Amino acid sequence: MDIIKFEFLKLLKKSRGWLGPILVFTLIMIAYPLTVELTDIELGQSFFSILWIAALLVMMLATEDIFLEDFNDGSLEQYAISQNNLSFVVGSKIFIYWLVIGLPISALGSIFCVGIINQPNFGFQIFPVLLISTYIFMNVFSFGNALSLTKGSILGTLVTLPLLLPLLIILGKVVIAINFDLNYSGFLFLLLGILSIIIVIIPMITSYIIRAHLE
Amino acid sequence: MFQVNRAYPYIFYLSLAIYLFSVFWGLFLTPEDFVQGNSYRIIYLHVPASFISQSLYLAMAIASAVYLIWKVKLSVYLVRSIAPIGAMTTFIALISGSIWGIPTWGTWWVWDARIVSTLILFIMYLGLISLHDSFNNNEKADKFLSILVLVGSVNIPIIKMSVEWWSTLHQPASVTISEKPAIDLVMLYPLFGSIIGFTGLVTCLVILSSKLQILKREKNKSWVNDYV
Numbered sequence: 001m002d003i004i005k006f007e008f009l010k011l012l013k014k015s016r017g018w019l020g021p022i023l024v025f026t027l028i029m030i031a032y033p034l035t036v037e038l039t040d041i042e043l044g045q046s047f048f049s050i051l052w053i054a055a056l057l058v059m060m061l062a063t064e065d066i067f068l069e070d071f072n073d074g075s076l077e078q079y080a081i082s083q084n085n086l087s088f089v090v091g092s093k094i095f096i097y098w099l100v101i102g103l104p105i106s107a108l109g110s111i112f113c114v115g116i117i118n119q120p121n122f123g124f125q126i127f128p129v130l131l132i133s134t135y136i137f138m139n140v141f142s143f144g145n146a147l148s149l150t151k152g153s154i155l156g157t158l159v160t161l162p163l164l165l166p167l168l169i170i171l172g173k174v175v176i177a178i179n180f181d182l183n184y185s186g187f188l189f190l191l192l193g194i195l196s197i198i199i200v201i202i203p204m205i206t207s208y209i210i211r212a213h214l215e
Numbered sequence: 216m217f218q219v220n221r222a223y224p225y226i227f228y229l230s231l232a233i234y235l236f237s238v239f240w241g242l243f244l245t246p247e248d249f250v251q252g253n254s255y256r257i258i259y260l261h262v263p264a265s266f267i268s269q270s271l272y273l274a275m276a277i278a279s280a281v282y283l284i285w286k287v288k289l290s291v292y293l294v295r296s297i298a299p300i301g302a303m304t305t306f307i308a309l310i311s312g313s314i315w316g317i318p319t320w321g322t323w324w325v326w327d328a329r330i331v332s333t334l335i336l337f338i339m340y341l342g343l344i345s346l347h348d349s350f351n352n353n354e355k356a357d358k359f360l361s362i363l364v365l366v367g368s369v370n371i372p373i374i375k376m377s378v379e380w381w382s383t384l385h386q387p388a389s390v391t392i393s394e395k396p397a398i399d400l401v402m403l404y405p406l407f408g409s410i411i412g413f414t415g416l417v418t419c420l421v422i423l424s425s426k427l428q429i430l431k432r433e434k435n436k437s438w439v440n441d442y443v
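Read top to bottom, the protein sequences are chains A and B. Going by my numbering, the letters in the first sequence line up with residues 1 to 215, in that order. Going by my numbering, the letters in the second sequence line up with residues 216 to 443, in that order.
It cannot be assumed that every hint is accurate.
Unchecked claim - Subject to a maximum C-alpha distance of 25 Å in a straight line, what follows is the list of computed DSS-like cross-link-like pairs (lysine-lysine):
no.: 1; chain 1: B; residue 1: Lys-355; chain 2: B; residue 2: Lys-434
no.: 2; chain 1: A; residue 1: Lys-151; chain 2: B; residue 2: Lys-431
no.: 3; chain 1: B; residue 1: Lys-426; chain 2: B; residue 2: Lys-286
no.: 4; chain 1: B; residue 1: Lys-375; chain 2: B; residue 2: Lys-286
no.: 5; chain 1: B; residue 1: Lys-288; chain 2: A; residue 2: Lys-151
no.: 6; chain 1: A; residue 1: Lys-151; chain 2: B; residue 2: Lys-355
no.: 7; chain 1: B; residue 1: Lys-288; chain 2: B; residue 2: Lys-355
no.: 8; chain 1: B; residue 1: Lys-355; chain 2: B; residue 2: Lys-431
no.: 9; chain 1: B; residue 1: Lys-355; chain 2: B; residue 2: Lys-286
no.: 10; chain 1: B; residue 1: Lys-431; chain 2: B; residue 2: Lys-286
no.: 11; chain 1: B; residue 1: Lys-434; chain 2: A; residue 2: Lys-173
no.: 12; chain 1: B; residue 1: Lys-436; chain 2: B; residue 2: Lys-426
What the hints assert, rightly or not - Residues on chain B that point at chain A, a partial pick, calculated with CB under 8 Å:
no.: 13; residue: Ser-345
no.: 14; residue: Lys-355
no.: 15; residue: Lys-358
no.: 16; residue: Ile-362
no.: 17; residue: Leu-363
no.: 18; residue: Asn-370
no.: 19; residue: Pro-372
The set of hints was computed from the structure by calculation and includes no laboratory data. A quick note: this is a predicted structure, and the numbers were derived from the prediction, not measured. Just so you know, even glycine gets a beta-carbon here, dropped at the ideal spot from N, CA and C.
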């Protein structure tokens, strides 16, 4: 519990780390209507594609230095040799990042959804999907960033982004289901299933990678 | 390595003969397809290439697991040497599919589950190569490469099942283990021949590439000086 609290405070102090991604997301969502001929129908058509890609890119940006600073100042090494379980530390780090960045982005995404498509129920329906998908994105990008810890985040993203593309196909299906007012809970459970596997496996693999970096 | 050297020419010439014979059989001795006309004959390149592109990834995943569990260095050399060949076969599968798409679907490319997932496989092969090459420390690079290959193997069942899970333009498999083939036997025999021949040729490439990899990585050992 102490670790979670400590990581939370550390991230809050580093405002560039959490405020930056949220602002970038907001700017993308504000800027994209300017590029579209301003009619509601055309805006609505491309909204969800922009939303998923923006969420994906912002999560990529948010996890850029999730382990780097701790690696450079030696805290990760301390965690690795201390009594703490390193995969628990990694898991709580990812959770805190999601709580501070993913959660506001999901809320903002839903608000923009209501604002741009003009249908309040769309906003409520898309919120849980955004919550789950941002957490999955964050986990996978953390894994990528751990892989390329000392080599810059571009490489990590390059190697992990392909793993997320099948997820984007599922998100596309969710949007179709919402648009046609179909029951989309099946997709929600599928996403939850993916998340429940990822949430266990990614911290374990990532801690193994970090140990390899520290060797 | 010495035993492989001895067997290599036999494997190469036999596979080349089988492949050329099957392609000749497929191109000139089988009848035209009722629906697709002559364009279907690209399957003698497209099907072996797509089959091999996925099988190579599977081979890489098995070799990576062997490396991570038993620390067998040769297996990670194999992973690294398969990656560019996998990228090449995936590229052949994509291009040949694209060429076939023009007369059959009327388009070079569709954003379809099977095709996009194959493109993802291609990008993954390139990502693996660039990840491995970005580290100076070979041991670290080997470890990360094998982890990424194992994690990336979740994509293989997605590619395989994409034609059944999503509604797609790409046809489902015509030949499966459990069911009667949907393709006529006249076309099936040369197809099998071409798959066997192509697999043999790619195996030869893998042998050559892994030989090179071993020599490169073990260049400071005395046996390499004796060998070269």
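Against the structure, the hints come out as follows:
| no. | hint | result |
| --- | --- | --- |
| 1 | Lys-355/B to Lys-434/B | holds (18 Å) |
| 2 | Lys-151/A to Lys-431/B | holds (23 Å) |
| 3 | Lys-426/B to Lys-286/B | holds (19 Å) |
| 4 | Lys-375/B to Lys-286/B | violated (30 Å) |
| 5 | Lys-288/B to Lys-151/A | holds (24 Å) |
| 6 | Lys-151/A to Lys-355/B | holds (13 Å) |
| 7 | Lys-288/B to Lys-355/B | holds (12 Å) |
| 8 | Lys-355/B to Lys-431/B | holds (17 Å) |
| 9 | Lys-355/B to Lys-286/B | holds (13 Å) |
| 10 | Lys-431/B to Lys-286/B | holds (19 Å) |
| 11 | Lys-434/B to Lys-173/A | violated (52 Å) |
| 12 | Lys-436/B to Lys-426/B | holds (15 Å) |
| 13 | Ser-345 | holds (7 Å) |
| 14 | Lys-355 | holds (6 Å) |
| 15 | Lys-358 | holds (5 Å) |
| 16 | Ile-362 | holds (6 Å) |
| 17 | Leu-363 | holds (6 Å) |
| 18 | Asn-370 | holds (7 Å) |
| 19 | Pro-372 | violated (10 Å) |
Comparing the model with each numbered hint stated earlier shows that hints 4, 11 and 19 do not hold.
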